[in-house]
Amino acid sequence: MAKSHVTMKVNGKPVEALVEPRTLLIHFLREQLNLTGPHIGCDTSHCGACTVDLDGKSVKSCTVFAVQAEGADILTIEGMASPDGTLHVLQEAFREMHGLQCGFCTPGMIMRAYRLLQEIPAPSEEDIRAGIAGNLCRCTGYQNIVKAIQYAAAKINGVPFREAAE
Amino acid sequence: MNETTLTAEQRTERLQGLGCKRKRVEDIRFTQGKGNYVDDLKLPGMLYGDFVRTPYGHARIKNIDASKAKALPGVVAVLTAADLKPLNLHYMPTLAGDVQAVLAEEKVLFQNQEVAFVIAEERYIAADAVELVEVEYEALPVLVDPLKAMAADAPVLREDLKDKTDGAHGKRKHHNHVFNWEIGDREATDMAFKKAEVSIKEHIVYQRVHPCPLETCQCVASFDKVRGELTLWGTFQAPHVIRTVASLISKIPEHKIHVIAPDIGGGFGNKVGAYPGYICSVVASIVTGRPVKWVEDRIENLSATAFARDYHMQTEIAATRDGTVTGLRVYTIADHGAFDACADPSKWPAGFFNIVTGSYDFPAAHVSVDGVYSNKAPGGVAYRCSFRVTEAAYCIERAMDILAQKLGMDPAELRLKNFVRREQFPYQSALGWEYDSGDYHTAMRKVMDAVGYDKLRAEQKARQEAFRRGETRELMGIGVAFFTEIVGAGPSRNCDILGIAMFDSAEIRIHPTGAVIARLGTKSQGQGHETTYAQIIASELGLPADDIAVEEGNTDTAPYGLGTYGSRSTPVSGAATAMAARKIRAKAQMIAAFMLEVHDDDLEWDIDRFRVKGNPEQFKTMKEIAWAAYNRVPPGMEPGLEAVSYYDPPNMTYPFGAYICVVDVDVDTGETKVRRFYALDDCGTRINPMIIEGQIHGGLTEAFGIAMGQEIRYDEAGNVTGPSLMDYFLPTAVETPKWETDWTTTPSPHHPIGAKGVGESPNVGGVPCFANAVNDAFKFLGSTHIAMPHDNWRTWTAAEKLGLHG
Numbered sequence: 001m002a003k004s005h006v007t008m009k010v011n012g013k014p015v016e017a018l019v020e021p022r023t024l025l026i027h028f029l030r031e032q033l034n035l036t037g038p039h040i041g042c043d044t045s046h047c048g049a050c051t052v053d054l055d056g057k058s059v060k061s062c063t064v065f066a067v068q069a070e071g072a073d074i075l076t077i078e079g080m081a082s083p084d085g086t087l088h089v090l091q092e093a094f095r096e097m098h099g100l101q102c103g104f105c106t107p108g109m110i111m112r113a114y115r116l117l118q119e120i121p122a123p124s125e126e127d128i129r130a131g132i133a134g135n136l137c138r139c140t141g142y143q144n145i146v147k148a149i150q151y152a153a154a155k156i157n158g159v160p161f162r163e164a165a166e
Numbered sequence: 001m002n003e004t005t006l007t008a009e010q011r012t013e014r015l016q017g018l019g020c021k022r023k024r025v026e027d028i029r030f031t032q033g034k035g036n037y038v039d040d041l042k043l044p045g046m047l048y049g050d051f052v053r054t055p056y057g058h059a060r061i062k063n064i065d066a067s068k069a070k071a072l073p074g075v076v077a078v079l080t081a082a083d084l085k086p087l088n089l090h091y092m093p094t095l096a097g098d099v100q101a102v103l104a105e106e107k108v109l110f111q112n113q114e115v116a117f118v119i120a121e122e123r124y125i126a127a128d129a130v131e132l133v134e135v136e137y138e139a140l141p142v143l144v145d146p147l148k149a150m151a152a153d154a155p156v157l158r159e160d161l162k163d164k165t166d167g168a169h170g171k172r173k174h175h176n177h178v179f180n181w182e183i184g185d186r187e188a189t190d191m192a193f194k195k196a197e198v199s200i201k202e203h204i205v206y207q208r209v210h211p212c213p214l215e216t217c218q219c220v221a222s223f224d225k226v227r228g229e230l231t232l233w234g235t236f237q238a239p240h241v242i243r244t245v246a247s248l249i250s251k252i253p254e255h256k257i258h259v260i261a262p263d264i265g266g267g268f269g270n271k272v273g274a275y276p277g278y279i280c281s282v283v284a285s286i287v288t289g290r291p292v293k294w295v296e297d298r299i300e301n302l303s304a305t306a307f308a309r310d311y312h313m314q315t316e317i318a319a320t321r322d323g324t325v326t327g328l329r330v331y332t333i334a335d336h337g338a339f340d341a342c343a344d345p346s347k348w349p350a351g352f353f354n355i356v357t358g359s360y361d362f363p364a365a366h367v368s369v370d371g372v373y374s375n376k377a378p379g380g381v382a383y384r385c386s387f388r389v390t391e392a393a394y395c396i397e398r399a400m401d402i403l404a405q406k407l408g409m410d411p412a413e414l415r416l417k418n419f420v421r422r423e424q425f426p427y428q429s430a431l432g433w434e435y436d437s438g439d440y441h442t443a444m445r446k447v448m449d450a451v452g453y454d455k456l457r458a459e460q461k462a463r464q465e466a467f468r469r470g471e472t473r474e475l476m477g478i479g480v481a482f483f484t485e486i487v488g489a490g491p492s493r494n495c496d497i498l499g500i501a502m503f504d505s506a507e508i509r510i511h512p513t514g515a516v517i518a519r520l521g522t523k524s525q526g527q528g529h530e531t532t533y534a535q536i537i538a539s540e541l542g543l544p545a546d547d548i549a550v551e552e553g554n555t556d557t558a559p560y561g562l563g564t565y566g567s568r569s570t571p572v573s574g575a576a577t578a579m580a581a582r583k584i585r586a587k588a589q590m591i592a593a594f595m596l597e598v599h600d601d602d603l604e605w606d607i608d609r610f611r612v613k614g615n616p617e618q619f620k621t622m623k624e625i626a627w628a629a630y631n632r633v634p635p636g637m638e639p640g641l642e643a644v645s646y647y648d649p650p651n652m653t654y655p656f657g658a659y660i661c662v663v664d665v666d667v668d669t670g671e672t673k674v675r676r677f678y679a680l681d682d683c684g685t686r687i688n689p690m691i692i693e694g695q696i697h698g699g700l701t702e703a704f705g706i707a708m709g710q711e712i713r714y715d716e717a718g719n720v721t722g723p724s725l726m727d728y729f730l731p732t733a734v735e736t737p738k739w740e741t742d743w744t745t746t747p748s749p750h751h752p753i754g755a756k757g758v759g760e761s762p763n764v765g766g767v768p769c770f771a772n773a774v775n776d777a778f779k780f781l782g783s784t785h786i787a788m789p790h791d792n793w794r795t796w797t798a799a800e801k802l803g804l805h806g
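From first to last, the protein sequence lines are chains A and B. For the first sequence, position 106 matches number 106 in the numbering used here, and the numbering has no gaps at all. For the second sequence, position 21 matches number 21 in the numbering used here, and the numbering has no gaps at all.
Hints in this document: simulated from the structure, not taken from any laboratory. Do not rely on the hints blindly, as some may be mistaken.
As the list claims (entries may be wrong) - Below, simulated DSSO-like cross-link-like pairs (lysine-lysine); rule was C-alpha separation at most 30 Å, straight line:
{"hint": "1", "chain 1": "B", "residue 1": "K85", "chain 2": "B", "residue 2": "K68"}
{"hint": "2", "chain 1": "A", "residue 1": "K57", "chain 2": "A", "residue 2": "K3"}
{"hint": "3", "chain 1": "B", "residue 1": "K194", "chain 2": "B", "residue 2": "K779"}
{"hint": "4", "chain 1": "B", "residue 1": "K417", "chain 2": "B", "residue 2": "K195"}
{"hint": "5", "chain 1": "B", "residue 1": "K21", "chain 2": "A", "residue 2": "K155"}
{"hint": "6", "chain 1": "B", "residue 1": "K256", "chain 2": "B", "residue 2": "K85"}
{"hint": "7", "chain 1": "B", "residue 1": "K85", "chain 2": "B", "residue 2": "K251"}
{"hint": "8", "chain 1": "B", "residue 1": "K34", "chain 2": "B", "residue 2": "K85"}
{"hint": "9", "chain 1": "B", "residue 1": "K21", "chain 2": "B", "residue 2": "K42"}
{"hint": "10", "chain 1": "B", "residue 1": "K673", "chain 2": "B", "residue 2": "K446"}
{"hint": "11", "chain 1": "B", "residue 1": "K42", "chain 2": "A", "residue 2": "K9"}
{"hint": "12", "chain 1": "B", "residue 1": "K148", "chain 2": "A", "residue 2": "K57"}
{"hint": "13", "chain 1": "B", "residue 1": "K461", "chain 2": "B", "residue 2": "K801"}
{"hint": "14", "chain 1": "B", "residue 1": "K225", "chain 2": "B", "residue 2": "K251"}
{"hint": "15", "chain 1": "A", "residue 1": "K3", "chain 2": "B", "residue 2": "K68"}
{"hint": "16", "chain 1": "A", "residue 1": "K3", "chain 2": "B", "residue 2": "K70"}
{"hint": "17", "chain 1": "B", "residue 1": "K673", "chain 2": "B", "residue 2": "K738"}
{"hint": "18", "chain 1": "A", "residue 1": "K3", "chain 2": "B", "residue 2": "K42"}
{"hint": "19", "chain 1": "B", "residue 1": "K85", "chain 2": "B", "residue 2": "K62"}
{"hint": "20", "chain 1": "A", "residue 1": "K155", "chain 2": "B", "residue 2": "K738"}
{"hint": "21", "chain 1": "B", "residue 1": "K34", "chain 2": "A", "residue 2": "K13"}
{"hint": "22", "chain 1": "B", "residue 1": "K162", "chain 2": "B", "residue 2": "K251"}
{"hint": "23", "chain 1": "B", "residue 1": "K164", "chain 2": "B", "residue 2": "K85"}
{"hint": "24", "chain 1": "B", "residue 1": "K42", "chain 2": "B", "residue 2": "K251"}
{"hint": "25", "chain 1": "B", "residue 1": "K738", "chain 2": "B", "residue 2": "K23"}
{"hint": "26", "chain 1": "B", "residue 1": "K673", "chain 2": "B", "residue 2": "K461"}
{"hint": "27", "chain 1": "A", "residue 1": "K9", "chain 2": "B", "residue 2": "K34"}
{"hint": "28", "chain 1": "B", "residue 1": "K738", "chain 2": "B", "residue 2": "K21"}
{"hint": "29", "chain 1": "B", "residue 1": "K23", "chain 2": "A", "residue 2": "K155"}
{"hint": "30", "chain 1": "B", "residue 1": "K406", "chain 2": "B", "residue 2": "K417"}
{"hint": "31", "chain 1": "B", "residue 1": "K68", "chain 2": "B", "residue 2": "K42"}
{"hint": "32", "chain 1": "B", "residue 1": "K148", "chain 2": "B", "residue 2": "K801"}
{"hint": "33", "chain 1": "A", "residue 1": "K155", "chain 2": "B", "residue 2": "K34"}
{"hint": "34", "chain 1": "B", "residue 1": "K23", "chain 2": "B", "residue 2": "K34"}
{"hint": "35", "chain 1": "B", "residue 1": "K225", "chain 2": "B", "residue 2": "K256"}
{"hint": "36", "chain 1": "B", "residue 1": "K42", "chain 2": "A", "residue 2": "K13"}
{"hint": "37", "chain 1": "A", "residue 1": "K57", "chain 2": "B", "residue 2": "K738"}
The whole structure should be built from the sequences, with the hints applied where relevant.
What follows is the structure in structure tokens.
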């Protein structure tokens, strides 16, 4: 199959490559760029394990062709920590609040939470639950994921973290 | 601060041992996208395999033409049964003593069964080539209703077994019969029913569901022709068993097979067994001389690997008029699909279904289970439960509610009246188990107090009156469920898989600096073993958990073990861990005595050190002893400080719990809102309360999914309807209720640290709790049993049948 030339920015670095027009962004990221943080959990765009940030929006990278990302600015879980290795507050929050178990949904979940906190900087619990409804988790029951996002929001906003009333 | 001035509390705290809410070690890599899952593996020259699957539920294969597929550039080979047959690999043995077709030979027996395996240079090319394989079929009559499987005129499904009257578990009484399994005292039970003042009978169905971990099943096989060695990476909950099975099937010596289970994205029972994808990948790698990767997609996962449940349980309870249970009778038809591929211990074809007497003191009980074949996918795995324990808990807990209704008793009161009492433990159940420990009344009463049970019942009564007056269209339901699990399989006297006793293992090595590596025969799929096993060692050996690395999944380095499922890791490998640590401590004591120039009897253990009795200033810390183990051991002693333990548990463990759930049901839409869910779990000694709570949250959410919506359904033509996340209900954060958790602690008397296992409890107790809540909402209108799953349509239909829509 004839290949197309694409250029984009991934985790702050310029990338150029030849891809088949039908190559999904998730396969491009995982197999050509070796960014295996984003995962594949379904065939129907439901699970959100492949979520990345594309030009300021959360997208399921299994539902975008790599050629559609031409010129885009993409952020994956691998680009979340600072270059000096300091973790993003969401990465710290998920560990602190036990917001993960098998870890398979986590990269997508954190990337979605990253964008959600920019869409709604001080979200209510309801906002968070609705905001991550496109990301499935089979292990945690979401309760501690919600808590992790609340913890991160509090830290970003410089307010004390108060655990949601049980 | 030095070792002399630290307080006991400070020394205990820095260990992060038992009872500590230690943050997880695993999270450091997972939160950075640096987990190492099977599909992340990329080997030089790696090929990709993909299956041609049949659209038919039952059909004869007339012809397979792979010529167009083979002609596609990038396609390396197409395997069919004809290629596997000369190697005797077209069938593989199942863990249940049956065989399963690896690639269908003459017939297909369920929709999406594997027919051919395409191997190509790229994933996309393999998928293209699958479309080019032409298979001609002749449709055959389809059997999907297990209750009709043993009819005289039922179609013959398994022609390979047609003339076999003996199965793996005794006589077969029909061509679609797999086994009969019977336990209990039939005569005594019949007598109890004869004398019964009150009895109930209900056909209770636990629908076919699927564990659906977020990562599907997958593997990479790499055969090295020069060395004659096979390396197989895969999503294996039981890597050692996979290695043994691989060796027996392939005839490659076991030491030349390296099975590695890297990080696993959830298992829930889906990743215990062996699947055709593994065999085909291995054969393909041997044939091509290149590594071959196989990754299931979600539709393949839901429709071809490892369903769960599909139990059809005719259930009867006999009782006195005042509500004392006197007998239990359960006759079950178990739909095993096209091949019996259950992952139960070999002597237990119906798993531990005989835990069906639950938490109640039944003087007599009798159970009979008939397994049958059907044109559905094989499996029968324990989806987040010990073997058939969720089916049993659902059965008895629904039946107890139905009995309470008939007696006009409160369901909690009926349970309290019939619980096994604390002083009866160890308790011999009528169906053969010895429950190790429990305190059911305390647990039940604690939950009733916490939710204000009497107040809730009063509110419900008022709301029912308001409903009758037409003031509301909402019904309130209160679900009560109490469960006793049986986990930690298991003692070698009655538990084995393919003849291998179900022990488990731990090997601990202390390095000279006091840092530790521990390797175990189990395999975490999210349970946090790297964190919790280190906590057990930290408490046993007085070395900080942060200095202890835990490794699982590599069969070359880890001691042999049976893997992680049935909540067996803590009861079995956790016990092995403590026992191995105690061997090390015994040697350490002798080294410390030599260093302190005292007799070892003069020493006592104190958190992280041995000290001289009556002279606590004189001590050697474990860290000091570790160093000495490598340079000044007592004369005649071998240097080094390590131990291995293979632990054969004396009994199973019996975690239990009391759950109460409150729901509000809209009779016009069928919508059910969970107002409150309160879960009390008793898993014995608690290793890491944070991880326990997380397990409870997750298990309850899976229970919610099962009870409220999950079903793998087949239509009459054998089509599996909705095997994708479009239809299969995985709760999102929006539907998932908030969970309230609580605990009591009744340590297991036979486990070295008193722990019992917890991961599956919430699924076992959660499902009947939701079901009882929905049923409870309707029972004042004369309804006795509404079947799961309680999705809006079914609930609306139930309301319609009761004439609630005018």
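We went through each hint and held it up to the structure:
1. B:K85 / B:K68: With Cα atoms ~23 Å apart, K85 (chain B) and K68 (chain B) stay inside 30 Å; holds.
2. A:K57 / A:K3: holds (27 Å)
3. B:K194 / B:K779: holds (27 Å)
4. B:K417 / B:K195: holds (20 Å)
5. B:K21 / A:K155: holds (22 Å)
6. B:K256 / B:K85: holds (24 Å)
7. B:K85 / B:K251: holds (15 Å)
8. B:K34 / B:K85: violated (41 Å)
9. B:K21 / B:K42: violated (36 Å)
10. B:K673 / B:K446: holds (24 Å)
11. B:K42 / A:K9: holds (24 Å)
12. B:K148 / A:K57: Since the Cα atoms of K148 (chain B) and K57 (chain A) sit roughly 53 Å apart, the hinted pair is violated (cutoff 30 Å).
13. B:K461 / B:K801: Holds, because 22 Å separates the two Cα atoms, which is no more than 30 Å.
14. B:K225 / B:K251: holds (14 Å)
15. A:K3 / B:K68: holds (24 Å)
16. A:K3 / B:K70: Holds, at about 23 Å.
17. B:K673 / B:K738: holds (11 Å)
18. A:K3 / B:K42: Cα-Cα ~22 Å, so holds.
19. B:K85 / B:K62: holds (17 Å)
20. A:K155 / B:K738: holds (23 Å)
21. B:K34 / A:K13: holds (19 Å)
22. B:K162 / B:K251: holds (28 Å)
23. B:K164 / B:K85: holds (21 Å)
24. B:K42 / B:K251: Between K42 (chain B) and K251 (chain B) the Cα gap is close to 27 Å, so the pair holds against 30 Å.
25. B:K738 / B:K23: holds (22 Å)
26. B:K673 / B:K461: Roughly 18 Å separates the two Cα atoms, so the pair holds.
27. A:K9 / B:K34: Holds, because 21 Å separates the two Cα atoms, which is no more than 30 Å.
28. B:K738 / B:K21: OK: K738 (chain B) and K21 (chain B) at ~21 Å, within 30 Å.
29. B:K23 / A:K155: Holds, because 19 Å separates the two Cα atoms, which is no more than 30 Å.
30. B:K406 / B:K417: Status holds; Cα separation ~16 Å.
31. B:K68 / B:K42: Holds - the C-alpha atoms of K42 (chain B) and K68 (chain B) are around 28 Å apart, at most 30 Å.
32. B:K148 / B:K801: holds (26 Å)
33. A:K155 / B:K34: Given that 30 Å is the threshold and the Cα spacing comes to 24 Å, the pair holds.
34. B:K23 / B:K34: holds (18 Å)
35. B:K225 / B:K256: Cα-Cα ~11 Å, so holds.
36. B:K42 / A:K13: holds (23 Å)
37. A:K57 / B:K738: holds (28 Å)
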